[in-house]
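2 protein chains.
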Amino acid sequence: MSDAKSRLKEFHQKISDDLQRSVDFWIKYSHDEEHGGFINCVGADGKVYDDTKYSWFQSRQVYTYASILRTAPDVVKDKAKMLKAAESGAEFLMNKVKNSDTSRCYFMTTRDGRPIKYQNSIFTETFYTMAMLELYEVTKKDIYQKEGIAMLDKIIYWAQVDDTELGNTPLAGHTPSSFLAVPMVLLHLCQLPLPAEKKKELKNVEEKCVKEILSHIQREGSVILEYVSPDGKELPNSFGRHLNPGHAIECGWFLLQYAISTGDKELQKTAIEKFIVNPFKGAWDEKYGGLFHMLDVDGFSPTPLGWDMKLWWPHTEVLIGFMLAWKTTQDSQFLEKFQQVFDYCHDHFVDKENGDWFGYLNRRGEVTHSFKGGPWKGCFHAIRYQIICRGILHEAISNQ
Amino acid sequence: MSDAKSRLKEFHQKISDDLQRSVDFWIKYSHDEEHGGFINCVGADGKVYDDTKYSWFQSRQVYTYASILRTAPDVVKDKAKMLKAAESGAEFLMNKVKNSDTSRCYFMTTRDGRPIKYQNSIFTETFYTMAMLELYEVTKKDIYQKEGIAMLDKIIYWAQVDDTELGNTPLAGHTPSSFLAVPMVLLHLCQLPLPAEKKKELKNVEEKCVKEILSHIQREGSVILEYVSPDGKELPNSFGRHLNPGHAIECGWFLLQYAISTGDKELQKTAIEKFIVNPFKGAWDEKYGGLFHMLDVDGFSPTPLGWDMKLWWPHTEVLIGFMLAWKTTQDSQFLEKFQQVFDYCHDHFVDKENGDWFGYLNRRGEVTHSFKGGPWKGCFHAIRYQIICRGILHEAISNQ
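Keeping their order, the protein sequence lines are chains A and B.
Numbering that gives the first Met the number 0 applies: residue 0 is where the first sequence begins, and numbers increase by one.
Numbering that gives the first Met the number 0 applies: residue 0 is where the second sequence begins, and numbers increase by one.
If you are wondering where the hints come from, they were derived from the structure by calculation, not from laboratory data.
Misleading hints may appear alongside valid ones.
Beyond 12 angstroms from chain A on every Cβ pair, some chain B residues (computed) [stated by the list, open to error]:
#, residue
1, D16
2, S237
3, G262
4, L266
5, V276
6, D297
7, K326
Cut-off 30 angstroms, straight-line C-alpha distance, at most; resulting in silico cross-link-like pairs (DSS-like, lysine-lysine) [as the list claims (entries may be wrong)]:
#, chain 1, residue 1, chain 2, residue 2
8, B, K46, A, K280
9, A, K46, B, K232
10, B, K116, A, K232
11, B, K153, A, K116
Every value quoted in this text rests on a predicted model; they were computed, and no experiment measured them.
Don't be surprised by glycine CBs; every beta carbon is placed ideally from N, CA and C.
With these hints in hand, go ahead and build the complete structure from the sequences.
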């Protein structure tokens with residue numbers, strides 16, 4: 000076996016073991032047998048420390064389970080159990096999380112599904128759509144596809160036509176802006192499995208998203224700004240200088256997937272260079288390793304607490320980004336970068352004892368938040384990376 | 000000179016120097032000569048990195064300037080300039096920050112005073128009241144007292160009668176709670192200089208605040224929980240277990256001031272033991288020094304980013320708390336504790352080069368955010384501590 004092949008096999012094996020531990024963790028500790036859906040807030044050892052339900056992670060766990068069943072069923076010991084949990088999550092989402100009068104989704108509910116609060120954004124609804132469309136793929140039950148498409152249509156309206164229904168009533172000093180996360184998640188939704196006719200209808204929506212995404216490339220192509228003006232100019236103040244490297248890189252691989260699907264070579268290059276390589280270079284901490292969470296493009300001190308922390312999710316995005324860049328270009332520099340991030344993650348984030356990843360490290364790479372599930376972390380990012388990268392590695396190994 | 004007296008003189012000198020540097024910093028870098036009020040976001044070197052105005056700090060700087068002019072005028076090189084800046088801030092507050100139709104204050108405005116957003120809480124209005132009442136004390140201009148009292152009456156209504164006007168429309172899963180910060184700031188407002196007749200009228204309000212504050216003492220007197228039920232019981236989940244040591248201690252010295260003013264010895268003891276000593280003990284980091292920002296009473300991992308950081312303001316609160324406890328009891332243990340925190344602060348927060356304090360350190364005590372002014376930090380906490388503690392030390396030295 001060549002050195003190159005054995006290296007790929009080593010990645011594949013380590014990621015498979017990591018995936019197995021992640022899946023086992025969530026199956027064991029997070030199912031709410033009493034009220035349906037999932038318990039989100041679980042410690043490193045699986046202990047529940049809060050029973051509030053966070054809808055992002057109700058949806059994301061449904062999506063993740065469906066995605067595992069569709070693309071990595073070999074790691075599932077009890078498929079019926081996993082499917083049942085995913086459908087229980089979908090029931091909870093349809094009956095408790097979605098307000099059927101408005102189609103808006105609650106951001107938080109009590110364990111038994113009484114609403115606590117909304118967010119003024121499209122993200123809870125985005126994850127709802129992902130859950131429904133992916134669950135349709137494994138069940139082929141029309142209700143899920145119908146729910147997913149109906150919500151997607153609402154999101155397109157809120158993102159590209161009028162967002163008044165999200166509860167945003169701008170005051171006189173409001174600065175209109177394009178927030179990278181919005182066209183990014185909408186482009187991703189359009190890339191999910193959908194009927195051919197719907198896909199065709201979405202072509203314009205996708206093109207509009209791509210145009211908006213590209214307007215975030217600033218300073219002669221060297222940076223991706225998180226907020227720009229609606230006509231693609233830099234905005235003043237911290238807000239206008241804000242860098243969110245994880246978002247830029249996640250957007251990069253969404254854009255790369257789109258560019259692969261359309262065969263647009265120039266856009267593939269832009270996605271890789273501008274959205275993956277540059278933000279990675281700009282955010283990698285040369286002193287302690289890992290990616291900074293947030294930065295200011297002019298080097299001012301960012302104001303949010305924890306800007307210098309190392310969070311798990313940007314690392315999963317960059318692993319997917321480099322793996323997909325390598326697959327697309329076969330340029331070994333991307334496999335080297337993948338290795339660099341992979342080693343950091345295995346040394347710092349992966350919990351080999353209890354399964355799944357720690358989410359929050361300080362700048363030095365020490366775990367500061369020991370839980371596996373919380374308001375902003377759950378069954379999603381680590382597994383999405385494991386499934387995608389394992390799939391690409393499997394194919395590469397098979398073809399060699 | 001006795002050792003005890005020379006120690007007090009050393010504190011006094013160091014604090015006076017620190018105060019002088021703080022005052023010089025804000026005078027030099029933060030006045031908005033063009034639009035009135037203050038520039039909030041300034042770097043360690045005084046460089047403006049954002050011109051958004053944060054109303055908490057528009058008000059707090061007016062309060063601080065008036066407070067300096069009233070109680071520490073010797074550190075002001077140009078009193079007319081400082082007073083003019085304070086009055087310019089008050090104009091900005093009355094004309095731009097307060098919505099005169101509703102008496103609600105905007106949380107953020109543009110530099111020229113166009114509103115950006117509200118908070119759904121009473122805090123912006125609280126600092127508005129503090130600014131007006133303190134500025135009245137140095138100017139004796141009726142408009143400020145009138146503004147301060149009118150806003151105080153609104154706050155009493157929102158805090159103790161009905162908060163619907165704050166924009167809170169609870170959903171079905173909302174958990175009603177008492178948030179310690181609310182009775183705490185209201186008690187503090189009632190303690191500000193006010194006409195005797197108004198003071199009398201506020202007696203009931205104060206007693207109601209004290210009762211609500213005391214309901215936060217939980218677990219047989221060992222902890223102060225940030226949120227309890229309206230009838231003073233523990234609440235479930237992370238929310239119910241949340242400890243905010245800085246708030247508890249700040250509340251402690253507000254309560255101690257109140258107990259001194261009413262001559263209530265038992266309440267003085269409660270304020271010192273339950274609200275200052277216990278939260279300090281529970282939050283002091285034995286490994287690296289400094290107070291943790293947030294904790295979970297059962298030792299679960301807190302979920303907010305930066306829970307383990309060392310922030311400047313809880314340290315200023317505990318310095319005031321121990322100094323006031325020492326003044327009240329003459330028990331030297333409080334001066335020892337004061338020394339412990341004072342040394343930490345002088346080694347870590349005080350910027351002897353540029354003036355004022357750094358605001359944000361990681362757990363190890365390294366500066367992570369270099370600015371002096373930002374959305375949540377400005378001309379207030381360090382100077383409030385410097386003025387109060389310097390005043391107490393001055394009195395103690397004079398009496399010895």
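Verification of the supplied hints:
The claim that D16/B lies off the interface holds: its Cβ sits roughly 25 angstroms from the closest Cβ of chain A, which is beyond the 12 angstroms cut-off. Not every C-beta of chain A lies more than 12 angstroms from that of S237/B, the closest at about 5 angstroms, which undercuts listing it as non-interface. Annotated as non-interface, G262/B keeps its C-beta farther than 12 angstroms from every C-beta of chain A; the closest such distance is 41 angstroms. Taking the minimum C-beta to C-beta distance to chain A, about 34 angstroms, the non-interface status of L266/B holds against the 12 angstroms cut.
For V276/B, the requirement that its beta carbon stay farther than 12 angstroms from each beta carbon of chain A is met, with the minimum near 27 angstroms. Consistency note on D297/B: stated as away from chain A, yet its beta-carbon is not over 12 angstroms from all of that chain's, at 8 angstroms minimum. Non-interface status of K326/B relative to chain A is upheld: no Cβ of that chain comes within 12 angstroms, the nearest being about 33 angstroms off. The straight-line distance between the Cα atoms of K46/B and K280/A is roughly 27 angstroms, inside the 30 angstroms bound, and the hint therefore holds.
Annotation: proposed proximity of K46/A to K232/B holds, straight-line Cα distance about 24 angstroms (limit 30 angstroms). As the CA atoms of K116/B and K232/A are separated by approximately 23 angstroms, the hinted pair is consistent with the 30 angstroms bound. This hinted pair checks out: K153/B and K116/A have alpha carbons roughly 26 angstroms apart, not beyond 30 angstroms.
Checked against the numbered hints above, the structure violates hints 2, 6; every other hint is satisfied.
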